[in-house]
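Novice: Chains as they are written, first to last, in our numbering: chain Z, 1 to 646; chain C, 1 to 203.
One or more of the hints may lead you astray.
To be verified - Distance ranges between label pairs, derived from CB positions:
id: 1; chain 1: C; residue 1: VAL105; chain 2: Z; residue 2: GLY244; range: 34 to 44 angstroms
id: 2; chain 1: C; residue 1: THR191; chain 2: Z; residue 2: VAL338; range: 29 to 39 angstroms
id: 3; chain 1: C; residue 1: GLY126; chain 2: Z; residue 2: ARG506; range: 31 to 41 angstroms
id: 4; chain 1: Z; residue 1: ASP549; chain 2: C; residue 2: ARG92; range: 27 to 37 angstroms
To be verified - Residues of chain Z clear of chain C, computed beta-carbon distances all greater than 12 angstroms:
id: 5; residue: LEU257
id: 6; residue: SER559
id: 7; residue: TRP597
id: 8; residue: ILE628
id: 9; residue: ALA637
id: 10; residue: LEU638
If you're looking for bench data, these hints aren't it; they were derived computationally from the structure. All C-beta atoms in this analysis are idealised placements derived from N, C-alpha and C, irrespective of residue type, glycine included.
As a plain string of letters, each chain reads:
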Amino acid sequence: MKAADMRVPEVGTATPELRRRLDEIWKTGPGIAGFLGTVDHKKIGIRYIVTAFAFLLLGGIEALLMRLQLIGPDLKLLTPDQYNVLFSTHGMTMIFLYAAPILSGFSNYLFPLLLGNRDMAFPRLNALSYWIYLAAGIFLYVGFLTGHGPNDGWFNYVPYSERDFNPGLNQDFYSLGMVLLGISTTVGAANFIVTLLRMRAPGMSINRLPIMTWGTLTASAANLVVVPSVSLAFLLLWLDRQFGTQFFRSAGGGQPLLWQHLFWLFGHPWVYAIVLPAMGMVSDGLPVFCRRPLVGYSLVALSTVATMILGFGVWVHHMFATGLPGLGLSFFSAASIVITFPSAVAVFAWLATIWTGRPVVTTAFLYFSSMILMFVIGGVSGVMTASVPVDWQLTDTYFVVAHIHYVLIGINLFPVLGAAHFWFPKMTGRFMDERLGKWSFWLVFAGFNIAFLPMHLTGLLGMPRRIYTYGPEMHWTALNTITTCGSFILALGILLFLVNVLRSRRHGRVAPANPWDASTLEWSVSSPPPEYNFAVIPTVASRHPLWEDRLQEEQATSSLDRGMLLDRGKEVVTTTPLDAEPDLILEMPGDTTAPFWLTVGLSLLFIGLLLRVVSLAAGGGVLTALAILVWLWPRRALREREPAHG
Amino acid sequence: MAEVAMFKPGPLPVGPTRRQGVGWWGAIMLVASEGALFAYLLFGYFYVGATEPPGWVLEPRPDLRLALPNTVLLLLSSVAAWFGEHGVLSRRRGRALLGFGLAAVMGVVFAAVQWKEWHLKHFLPGTSSYASLYYATTAFHMAHVVIGIAVLLGIFLWTALDYFSPRRHMAVSAGVLYWHFVDAVWLAVFTTYYLTPYLGFGT
């Protein structure tokens, strides 16, 4: 073995000289090449967050239009067709373009910081994941803006979405856009899994991980194996529509229910994938404001994993009304009820943390704690519909709409808004305004509950979801008016939040490295963090490296100021999956535009497929292949090949 | 005051070494996700087959005269790829090139035979749901064969350029893993479409 292949990493402290050198090594290049080529996980994370918020606003505007249409009976603000496109695009936007990517954004930004390392396992894949997400979002919205938005609901049941009943390009945009988006989600998931398992600070064994990383790990493991299901379903639908195949068409022996199975095999695990990392944010953020560690760390971590495992076995509860055999239904009903147990573990852990802590009521605390209430309401309506006879009564009514909004706004948006207040000082170096923050919280909280709590009743009174209007004789008017008012109050709260973000970014109070006196590694570096994150690689001795003085749980204390320098290049250390023992020094790739060009190639390919222009598709395919070749070509600098040769 | 738990490093390998390194884990992620894709395709076959009336399978006795030898050929190509990888590991470049080249050629022959097989079928993708599933599944596999051949050619080229050593061969190992996956998945596809009808499924 050559001497150059093995090295004892130097150990030292973070001197200004070291910081200057690392800064030189890690910083993103200037200009357009740097913009398109950056692989900095923090920049990519911020891009994800900003893009996902933009989609949240678009989806919100679509919702407000629908609420205006429903504010009273027999209104003609929207045509039925416009209404169909709006509710479908709203669902697509919120679920696929906001709820998951926003969590990817936070995880991208935070993963290496939480784990005590300098980068993700696959920085270029990280950039690719963002670019494809952006391309897929634009692709889907070009469809919407040219009058070809999805129009059969976000779960897009056949046969409505087959060509016989839906001849426009609407479903082709939706199908291909979803396949494209699936690539982004999948590569992102692979990156999170490998980063978590291999790229941690020495000593950060599996029982010392922040819960948020547990949530992202489980969600990513699920995404990795369930996203192919929905991508396949959409691809087969596109083939049915464009090439006359018979997958879902009963006339040719196809099975419409196959669509529902493939969709919900993906769809239900996905529901957990878009809440578990958010629950993790609460599990990490809430204790900081309760001035104590989370109660029941191990139980919460295990219940996160248990929720996901059970989550694979509940998809048929979306299909109770499709005439499947009763025995099958009772199995899935039981599984759906059992899944409340691990969820309840998290709820009781949070409650106990607040109960035994000394809460500091900040805006972030308000979001994190009120989320518990939303979660319980959404959970209870979920258990109700897990029961087959109740579901038969309630399916396709506004009760289900109320349920999904309590779950998604309650367990995704509330934690995300809390997380935004919590980590904003870390990302920007400035605090968000607390006064404005509390105003916006109370507007969001009140508006949300005014809008969606009455909706349970609307559903119980029999109002079906997805109808564009209703008559006055149905007696749904008052409830709908209340809901519309609530939705506008909610929107006002979100608007205030945005104002707060934009103002605080420039004029907020300057934040120190650890503004909340929190316990995890990201707070040990400056706000905002330097491009290399950690000047020396920390060694972790407990779950709360910054609280060791007061907790004194462990024999040893973490070493944050002294550690491996790894300054001979863009270097990181990889660690073993369970015990986080260092096992390799890796050189990380620098800026590269290959992911960007790969995305351009893939986008051209998909546009070519959509318009059925063979030359465009082929050109896109060639560009994609070239970008992959350049990307994968073994590099000497990365020691992917022998330095002596080639 | 408690002692500071500073990690005191010994000598660590630099760069991806053997199968140590994140690239290998990335390859496993890819295979897991792709494996799931085929599981859903086969789920489609069994689900539709189980819910449709008898006679759904258009070929109750699939012709194995081409498919069976072709399957054996593909499995042998995995052996060739393994042989090539072994050549890299034991620093015998000629062996390595022979293995990768042979595996790629066998892959091309497999694809050509499968192409012929498609043309011998008496049904088209739009004939029925069975036909659609058959063509979609085998075409998905064919796409993986084509990508796998490109991967084999890539590591053939890089081996010819003498990029690898018993210590640095992550690209080779990841590529060969992918080829093994392509072959293993074919076994599942072959069993499903060519053998289960003999066991009575769907007939």
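Novice: For every hint, state whether the structure bears it out.
Specialist: Checked hints:
1. C/VAL105 <-> Z/GLY244: 34 to 44 angstroms: Holds - the Cβ-Cβ distance for C/VAL105 and Z/GLY244, about 35 angstroms, lies within 34 to 44 angstroms.
2. C/THR191 <-> Z/VAL338: 29 to 39 angstroms: Between C/THR191 and Z/VAL338, where Cβ atoms are some 34 angstroms apart, the hint holds.
3. C/GLY126 <-> Z/ARG506: 31 to 41 angstroms: Since the Cβ atoms of C/GLY126 and Z/ARG506 sit about 60 angstroms apart, the hinted range of 31 to 41 angstroms is violated.
4. Z/ASP549 <-> C/ARG92: 27 to 37 angstroms: Taking Cβ atoms as reference, Z/ASP549 and C/ARG92 lie about 59 angstroms apart, which means the hint is violated.
5. LEU257: violated (7 angstroms)
6. SER559: Non-interface label fails for Z/SER559: nearest chain C Cβ at 4 angstroms, not farther than 12 angstroms.
7. TRP597: holds (18 angstroms)
8. ILE628: violated (9 angstroms)
9. ALA637: violated (10 angstroms)
10. LEU638: For Z/LEU638, whose nearest Cβ neighbour in chain C is about 7 angstroms away, the distance does not exceed 12 angstroms, so it is violated.
Hint compliance for this structure: hints 3, 4, 5, 6, 8, 9, 10 are broken, all remaining hints hold.
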